[in-house]
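I would like the entire structure built from these sequences, with the hints used as guidance.
Chains as they are written, first to last, in numbering that gives the first Met the number 0: chain A, 0 to 81; chain B, 0 to 247.
Hint data in this document are derived by calculation from the structure and do not stem from the laboratory. The structure presented is a predicted model; accordingly, all values stated were derived computationally and were not measured. Accuracy of the hints is not assured; some may be wrong.
[As the list claims (entries may be wrong)] Result set (DSSO-like, lysine-lysine): computed pairs, CA atoms no more than 27 Å apart in a straight line:
{"hint": "1", "chain 1": "A", "residue 1": "Lys30", "chain 2": "B", "residue 2": "Lys213"}
{"hint": "2", "chain 1": "B", "residue 1": "Lys230", "chain 2": "A", "residue 2": "Lys18"}
{"hint": "3", "chain 1": "A", "residue 1": "Lys67", "chain 2": "A", "residue 2": "Lys18"}
{"hint": "4", "chain 1": "B", "residue 1": "Lys213", "chain 2": "A", "residue 2": "Lys5"}
{"hint": "5", "chain 1": "A", "residue 1": "Lys5", "chain 2": "B", "residue 2": "Lys201"}
{"hint": "6", "chain 1": "A", "residue 1": "Lys45", "chain 2": "B", "residue 2": "Lys223"}
{"hint": "7", "chain 1": "B", "residue 1": "Lys98", "chain 2": "B", "residue 2": "Lys79"}
{"hint": "8", "chain 1": "B", "residue 1": "Lys26", "chain 2": "A", "residue 2": "Lys30"}
{"hint": "9", "chain 1": "B", "residue 1": "Lys177", "chain 2": "A", "residue 2": "Lys45"}
{"hint": "10", "chain 1": "B", "residue 1": "Lys180", "chain 2": "A", "residue 2": "Lys42"}
{"hint": "11", "chain 1": "B", "residue 1": "Lys26", "chain 2": "B", "residue 2": "Lys91"}
{"hint": "12", "chain 1": "A", "residue 1": "Lys44", "chain 2": "B", "residue 2": "Lys201"}
{"hint": "13", "chain 1": "A", "residue 1": "Lys1", "chain 2": "A", "residue 2": "Lys67"}
{"hint": "14", "chain 1": "B", "residue 1": "Lys26", "chain 2": "A", "residue 2": "Lys44"}
{"hint": "15", "chain 1": "A", "residue 1": "Lys35", "chain 2": "B", "residue 2": "Lys177"}
{"hint": "16", "chain 1": "B", "residue 1": "Lys80", "chain 2": "B", "residue 2": "Lys104"}
{"hint": "17", "chain 1": "B", "residue 1": "Lys4", "chain 2": "B", "residue 2": "Lys91"}
{"hint": "18", "chain 1": "B", "residue 1": "Lys230", "chain 2": "B", "residue 2": "Lys213"}
{"hint": "19", "chain 1": "B", "residue 1": "Lys201", "chain 2": "B", "residue 2": "Lys180"}
{"hint": "20", "chain 1": "B", "residue 1": "Lys230", "chain 2": "A", "residue 2": "Lys67"}
{"hint": "21", "chain 1": "B", "residue 1": "Lys89", "chain 2": "B", "residue 2": "Lys26"}
{"hint": "22", "chain 1": "B", "residue 1": "Lys180", "chain 2": "A", "residue 2": "Lys44"}
{"hint": "23", "chain 1": "B", "residue 1": "Lys213", "chain 2": "B", "residue 2": "Lys143"}
{"hint": "24", "chain 1": "B", "residue 1": "Lys178", "chain 2": "A", "residue 2": "Lys42"}
{"hint": "25", "chain 1": "A", "residue 1": "Lys45", "chain 2": "B", "residue 2": "Lys178"}
{"hint": "26", "chain 1": "B", "residue 1": "Lys91", "chain 2": "B", "residue 2": "Lys28"}
{"hint": "27", "chain 1": "A", "residue 1": "Lys35", "chain 2": "B", "residue 2": "Lys178"}
{"hint": "28", "chain 1": "A", "residue 1": "Lys5", "chain 2": "A", "residue 2": "Lys44"}
{"hint": "29", "chain 1": "B", "residue 1": "Lys201", "chain 2": "B", "residue 2": "Lys4"}
{"hint": "30", "chain 1": "A", "residue 1": "Lys44", "chain 2": "B", "residue 2": "Lys178"}
{"hint": "31", "chain 1": "A", "residue 1": "Lys1", "chain 2": "B", "residue 2": "Lys230"}
{"hint": "32", "chain 1": "B", "residue 1": "Lys177", "chain 2": "A", "residue 2": "Lys42"}
{"hint": "33", "chain 1": "B", "residue 1": "Lys230", "chain 2": "A", "residue 2": "Lys5"}
{"hint": "34", "chain 1": "A", "residue 1": "Lys1", "chain 2": "A", "residue 2": "Lys30"}
{"hint": "35", "chain 1": "B", "residue 1": "Lys143", "chain 2": "A", "residue 2": "Lys5"}
{"hint": "36", "chain 1": "B", "residue 1": "Lys180", "chain 2": "A", "residue 2": "Lys45"}
[Claimed, not checked] Okay, the calculated bits of chain B under chain A, using three or more residues with CB under 8 Å as the criterion:
{"hint": "37", "segment": "36-42"}
{"hint": "38", "segment": "123-134"}
Glycine included, each C-beta is placed from N, C-alpha and C at the ideal position.
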Amino acid sequence: MKIKIKFFTFFGNLCGVDKAELYLPHGATVKEALEKTAQDFPKLKKWLPRYAWVFINGNYVELRTQLKNDDEISLFPPIAGG
Amino acid sequence: MLNEKELRRYDRQIMIFGKKAQEKLKKAKVAIVGVGGLGSPISIYLTAAGIGYLFLIDEQKPELNNLNRQILYGEEDLNKKEKSVSAKEKLKQLNSQIKIKTYSKRICRENIEDLLNDVDIVVDALDNFETRYLLNEFCVKGRKPLIHAAVEGFYGQITTIVPGRTPCLNCIFPNPPKKIKFPIIGVTAGFFGVLEANEVIKLVTGYGNNLIGKLFTYDLFHNKAECIDIKPNPSCPVCSESFGLRRQ
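Put into structure tokens, the structure is as follows:
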């Protein structure tokens, strides 16, 4: 299945692109998608899969969440400064 | 009622939203939790705009490595008074008519209710998620709006949380980031602090659109804005009950 992934703030800067497409087996989880993303974009390895905020269609999702074909993942670096 | 001097002072913004909105600002009680990189511009712009009562909470004293972004403080303030106290002195010079209360100890579970019970809006200008979650729990329970922002480097995020209407902070970010010494440049904190002050002004006056159910991010490095819709988590341990109550 095809998954879209959108990189926010400095994740986009690190990847050099704003978005990407992943091809994963049916039933793949968010964790598997993020592991594949880290393989494709090694500069994200420091954060993925654990240290990122992940949304699908506006809902925060856990790593175990199963993906559906054409889901779009929004990937945010966790930032806390003030 | 606004007096003659206030009508003159706020003339240019009364042209935007009218006298009644300015009176609402005068009556508003706003807590700013953290008076650092975000808290400096928030407090300056809310003081300038005529918010009637500001409550500044910060237990730290200004340090040299704060001065690249915490624009309320200068070299003469280093390691002297707590930020909340020093900030009050500066803000009083800007607008002597604003009531400003300070608290120079750490906000915690034991004191949060006593401290924040009387305010209308809470502004998150913190640098850690531990205390942010505490503010969030309090605001959900007390049905008080919470303006959230966080910054790092040239990047930041902001949303306005209205309990019962929007996802709470725990719905959006249930897992805290790693505690690190984060890089930051003053313009990023300034930009997001101004956005937080703007959210307060719009929320109080009812003029304009707030970031309700929206997470706005801005990349100051590439001048790129993004805004995504965010939804409440039906099983959120902090706010799902408040949604249940709302629907009854």
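Query raised in the report: Okay, which hints does this one fail, numbers in order?
Result: 5, 8, 12, 14, 19 and 35
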